[in-house]
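Participant: For reference, the chains in residue letters:
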Amino acid sequence: MTIYNLHIFDRNGTCLYYVEWNRRKSAGMSQSEEFKLMYGMIHSIKSFVSRISPTDLKDGFLNFKTNRYKLHFFETPSGLKIVINTDLGVGNIRDTLHQIYSNIYVEYVVRNPVCDLDKPITSELFQTKLDEFIRGLPFFPSRIN
Amino acid sequence: MASITKQKPSPLDKPLSKGKAEVNIATFALLFSEMVQYCQNRVYSVSELQTKLSEMGQHVGSHLLDLLFVREQGYKRETKLLKMLLFIKTNFWKTLYGKEADRLEHSNDDERTYYIIETEHLVNKFISVPKDKAKLNCAAFTAGIIEAVLNGANFPCKVTAHWHKGTTFMIEFDESVIARDKMVEGR
Amino acid sequence: MSRQGTRGVDPRKVNGELFTLTYGALVAQLLRDYEDDDEVNKQLEKMGYNIGVRLIEDFLARNNSSRCNDFRETADIISKVGFKMYLGITPVVSNWSPAGDEFSLLIENNPLADFVELPPGHNNLNFSNLLCGVLKGALEMVQMDVDVRFVQDQLKGDNITELRLKFLRRLEDAIPVGED
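Protein chains in written order, with full-length UniProt numbering: chain A, 1 to 145; chain B, 1 to 187; chain C, 1 to 180.
Be careful, since some hints might not be right.
Said to hold, decoys possible - Restricting the straight-line Cα-Cα distance to at most 30 Å, the calculated cross-link-like pairs of lysine-lysine (BS3-like) are: (1) Lys125(B) / Lys13(C); (2) Lys13(C) / Lys165(B); (3) Lys89(B) / Lys182(B).
Because the hints were derived from the structure by calculation, they are not lab data.
The structure displayed is predicted, hence computed values, not measured ones.
Extracted from the complex, chain A is given alone in its bound form (with noise of 0.2 Å):
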């Protein structure tokens, strides 16, 4: 199993911040381009499944597959956004993404005075520690050494 890259938004569609682990094949376009592309796939997937769904929604969207990833989606009632390509043998991982939220995001970015919340995140100390944690999921790569 494997991850292979992370975005977070927020709610204005501001890539706040990406990261790759392994990745092997880039989109071929500018990677602003490919966040407005992963944003606004993001918004009409969502519209689409609310507007289809023939009960009320509760999570609504939460992830889609290929043959090749899959896509995994959280999003928080005050619209930030994390978006997790994994391959096909990841579950379901929504409370991984809540614990980034909670335990990474709320913890070093809003807690620290100095982050602004709708720019890029610089912090050092919230790369490490998002870093470690990923790497520390028991999904997180078992590659060959």
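Mind docking chains B and C on chain A? Use the hints.
Facilitator: Leaving out everything else, chains B and C in the frame of chain A:
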């Protein structure tokens, strides 16, 4: 019929609270960081910022003093320097921060100087100082509190906060305090 | 020498007096820095707003709650969960408007105003105006545009402190650039 004239209540009409109420650390942390940012926008240097924080701390300290003495000591004020310092290190610190201060030390070179040392002080737990302001220690606020309490108890001094073994509060007493204390001890 | 192990105090809490007096020191500073009460009120609200947008994230991280279904649910959560968690009090929710878009929070023991006496000559000062900003900022982050103001204040001789919240509109999520 109830009177319609409004009368401002005096805080003296209310019973003195027992000091048990506590608030969430997040509430305090966010208020404090707004204060720091507010002050920062109105000053030009780190030392000015520390002075401003210290002044706010003194405001807090001067109000705290009476509440603390009434509650903790049964109206008796300390007159001996060392006892007063121990009161700060133990009861006072415990009331405010939930623990005693880590250490109290007397300077080797200067008999007027004492240190209270805290490895991880409350206000520094949630503030990360930007690299260009590495000297800034927001515990200047706490230093102001201590200074006001000591001054109010008739131990005139100057208290400053420094990054040393965590946070060190340096307390420099007036000459008069030391002289008086020697007289009291000598009696 | 220190007795770390024996502290019977919740490390996630701080002394209420330290908090109250710290707030008092802030207001005192603002009164020195600004000419008139309205400016101070504005500044307090602004600082409150900044606190609110951060506080809501802390709140959401600790309460696994989803968006509220209606304003009544919001009122309940503000009082019973929000105020309780961050200030240790539970204001009474009352005085609903017939349309259900406006209510009051009645506060008996305002922790911000403990041991406070309004300084003379500051009749327009809303000492606890920070609260308005906090509520406004926090609610805005969960897509609610709400007007918050003090209508009664014990510091001004009223029997109770009353905050009035009026729902204005639901804010929409940002639409991605280049789409309509």
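Participant: Go through the numbered hints given earlier and state which of them the structure violates, listing their numbers in rising order.
Facilitator: none
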